[in-house]
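Listed in order, the protein sequences are those of chains A and B. With this note's numbering as the guide, the letters of the first sequence map in order to residues 1 to 268. With this note's numbering as the guide, the letters of the second sequence map in order to residues 1 to 326.
Note that these hints are calculated values from the structure, not bench results. Among the clues, some could well be false.
For each label pair, taking beta carbons as the anchor points, the in silico distance ranges come out as [to be verified]: (1) B/Asn51 with A/Arg261: 21 to 29 Å; (2) A/Ala28 with B/Gly119: 33 to 41 Å; (3) B/Ser232 with A/Arg261: 33 to 41 Å.
All values reported here derive from a predicted model rather than from experimental measurement. Beta carbons: idealized from backbone N, C-alpha and C, even for Gly.
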Amino acid sequence: MGSAGFTAYRHIVAAQVRGQAQYRASFAIDLVGSVMFGVIDLASVLVLFRVVPALGGFALGEVFLMATLAGVAFALADLAVGNVERLRVYVRSGLLDAVLVRPLGVLTQLTAIDVAPRRVGRVVFGVAVLALAASRAGVAVTPLSLALLLVTPIAGAVIFSGIFVATATVAFWWIESGEIANGLTYGGLNFAQYPITIYGAILRRLFAYAIGFAFVAYYPALALLDRADPLGGPAWLGYAPPAAAALVAGGAALVWRIGVRHYRSTGS
Amino acid sequence: MSVIETRGLRRDFTVRVKAGWLRRRTRVVAAVDGIDLTVERGEMLGYIGPNGAGKSTTLKMLTGVLSPSGGQVRVCGLTPVAQRTRLARRIGVVFGHRSQLWWDLPLAESFALLRHVYGVPAGDHAGRLAYARRMLELDAFLDTPVRQLSLGQRMRGELTAALLHGPEILFLDEPTIGLDVVSKQAVRAFLATLGAAGDTTIVLTTHDLADIERLCRRLIVIDQGRIVHDGSLDELHARYGSRRRLVVDLDEPLAAPLVAPGLTVEAVQADGRRITYALDGAVVTAGDVVRRLTEVAALRDISVLEPDIEDVVARLYTRREGPPPR
Numbered sequence: 001m002g003s004a005g006f007t008a009y010r011h012i013v014a015a016q017v018r019g020q021a022q023y024r025a026s027f028a029i030d031l032v033g034s035v036m037f038g039v040i041d042l043a044s045v046l047v048l049f050r051v052v053p054a055l056g057g058f059a060l061g062e063v064f065l066m067a068t069l070a071g072v073a074f075a076l077a078d079l080a081v082g083n084v085e086r087l088r089v090y091v092r093s094g095l096l097d098a099v100l101v102r103p104l105g106v107l108t109q110l111t112a113i114d115v116a117p118r119r120v121g122r123v124v125f126g127v128a129v130l131a132l133a134a135s136r137a138g139v140a141v142t143p144l145s146l147a148l149l150l151v152t153p154i155a156g157a158v159i160f161s162g163i164f165v166a167t168a169t170v171a172f173w174w175i176e177s178g179e180i181a182n183g184l185t186y187g188g189l190n191f192a193q194y195p196i197t198i199y200g201a202i203l204r205r206l207f208a209y210a211i212g213f214a215f216v217a218y219y220p221a222l223a224l225l226d227r228a229d230p231l232g233g234p235a236w237l238g239y240a241p242p243a244a245a246a247l248v249a250g251g252a253a254l255v256w257r258i259g260v261r262h263y264r265s266t267g268s
Numbered sequence: 001m002s003v004i005e006t007r008g009l010r011r012d013f014t015v016r017v018k019a020g021w022l023r024r025r026t027r028v029v030a031a032v033d034g035i036d037l038t039v040e041r042g043e044m045l046g047y048i049g050p051n052g053a054g055k056s057t058t059l060k061m062l063t064g065v066l067s068p069s070g071g072q073v074r075v076c077g078l079t080p081v082a083q084r085t086r087l088a089r090r091i092g093v094v095f096g097h098r099s100q101l102w103w104d105l106p107l108a109e110s111f112a113l114l115r116h117v118y119g120v121p122a123g124d125h126a127g128r129l130a131y132a133r134r135m136l137e138l139d140a141f142l143d144t145p146v147r148q149l150s151l152g153q154r155m156r157g158e159l160t161a162a163l164l165h166g167p168e169i170l171f172l173d174e175p176t177i178g179l180d181v182v183s184k185q186a187v188r189a190f191l192a193t194l195g196a197a198g199d200t201t202i203v204l205t206t207h208d209l210a211d212i213e214r215l216c217r218r219l220i221v222i223d224q225g226r227i228v229h230d231g232s233l234d235e236l237h238a239r240y241g242s243r244r245r246l247v248v249d250l251d252e253p254l255a256a257p258l259v260a261p262g263l264t265v266e267a268v269q270a271d272g273r274r275i276t277y278a279l280d281g282a283v284v285t286a287g288d289v290v291r292r293l294t295e296v297a298a299l300r301d302i303s304v305l306e307p308d309i310e311d312v313v314a315r316l317y318t319r320r321e322g323p324p325p326r
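Same shape as in the complex, but just chain B:
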């Protein structure tokens, strides 16, 4: 059963541009421009795009914060804005930029209040809190007022707060923003465990592509309010021809360049003793290349570089002429 379903979802904003001393010209800008999205229960979805692509706007429409300008949207079978409070009981939302917790209260007290806000039975609440305390190691700062928490501690608190009512969908808007490496890993590990359990659908927006690589089997890239990719990370690489790289260090430069189908030289350095090849994985393997190189030269060192998602996405972002070729 799909938990999120949108058809032609749109959101326009009216922008006022100064046009003279008092006059303003208004211009309508489509922040989200017709998004069709179906998300099944238990999916982990990465939702990425450059700044201003419409990520947060989409998320706001899915959570009932913002009304759509057009199209249909159903989340957990509900219409988000019209059925906001009913939906709120069934989803959890974490905004990386704003706290959902009570600033002056200790974390433990915020959690106790949320039980009343969501009307959660005491037993369920205690069970979920115990789980989060163990998984996110909250005990050390459970009695600290939220305003005194570090960003990493606070984010672990936010995650717990969003899950105490047992939501069917967890929306995360840049949950790892500003976190140090250790905190990022803690958050990712927790989300991975949560997603693996399969009960909770997770929708994540991020600028940190490592979040996506670690967590999301399905990746949606939006740009200028439209979906430009919907599929796995591998499919993204395949579609945009990203290739693995083989870097070899040789004792002496090659007498003649190595020629093979699917193999291109990307760079030659250190007087020809270091060569970087790009490999088309469908045609040639790193093993082939290494074997053929050992026949003609003395290999000192090799390394294989996985395709860099940042590169792919950067290339995607810079294609500014509408939908990509299929």
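Excised from the complex, chain A in its bound form:
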């Protein structure tokens, strides 16, 4: 996105926020609903620990930190690009043609036009709980750990964003693609909330490493907690999320380009 593109993006988002803020009651309810999503995600962790003392070798506080890291990352991604799932509506109705005749990137337009400001609720809630979770889990307050706490959710958000975009792209080939996308995005959130030690080898290889969900919360949480990986991974993996995010983003961008090219060659 160039600087002109970003200016346009900013104005579109601002207009969308103004538009939705007109309906105050409805906006407030949406905001509460968005917070509730975050609450339920974390509550499920608490419920689990009522019946088990530890999960995959990790105590409640530690898993709670992973869950909040994943939660904030997901909430940020959902806010930024979650509406890209509406791509299938655009493809089906032919509205994508109208998008293609404007001088902005297709993704820029799709994410800006349907932005859902209510999703801010989940982000704010997640950030607040993250601070609490980090202090309860006994994360040492050092410049490095603070930097890690800041960078990890952003890198995680990029990973989730990549998944949102890549799965939405399926709509270019197959219009009824909603469930696949949800499986990998919401499913990915559920996966990333827990230590990857609880999953079987196949699941772990596929989701944790191949897709990169282990870098959303698990490895950076180990670094924050100053714990060694029970699976024997090297300590630097805790600082790898930005690199993992770059790889996922690159892959998603590639898939997206192929998708747009396919649309233009089929006109489906």
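Following the hints, put chain B in place on chain A, whose structure we already have.
Using the frame of chain A, we list chain B on its own:
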């Protein structure tokens, strides 16, 4: 300087046909089958054809939405798909079927956003908007969210939206579809004024031939992906022998039929007291016929019917055996 130039422009689609429980047979269909088109700056071009003739497909290739399967295409000197965003700043597009406006925002706010989307200087934007507000009478609904606008109001909004960045070419895909008579006239009058100014090239697809009669000096008819006519409306009439009609009401039936070169009787009604003649304009005039009729009968009433473009085009559409005779 030509603003649109295509050579052998083609577009194939692969159609999957069910052939058994899971098997699909694929078939390649040419929606646009070799179109050569040169459009000069300031032209107003009507692009018509039956459903599925390839009108929209052509338009999509010219605007960078769809990549061609073959041939060359240059619009404003650019390659549409490869240089999509650069081209988008120099063309305006109105799709009659889909809105370009933000559904939940008031029209005024959509226009303000488009200034940022296209990066238009504030002064230019204000000037063009003021012009459109006056010409299209937008003031009454400028603050209404787009979703609450009537179709006619929305279309006037769409036209404005497509012009705020001062495009060199305006593409209109069925801009009058579904509009009431008053809105149609408003849209046509606006486009006529815009075209008369000569700065904007207008390419229009339509099913409403009145749009063409009112607006376009040049008419392109395509059928099955090929151009079957490229020229003026008059040339179309001349080529397909469409003729003016003279309807006369007489006090008494003619004693003997009127015979003249270029004159044929099309219908005789009301016990022979109403006769419809078809006139070959190159050979005989309505005046000749009327003068000769008054010599032999008492004329009560006459009327002259202009050739009907719908008839011509319908005849063109039904010729399904390739290019017409030259």
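Which hints, by number, does the structure contradict? Violated: none.
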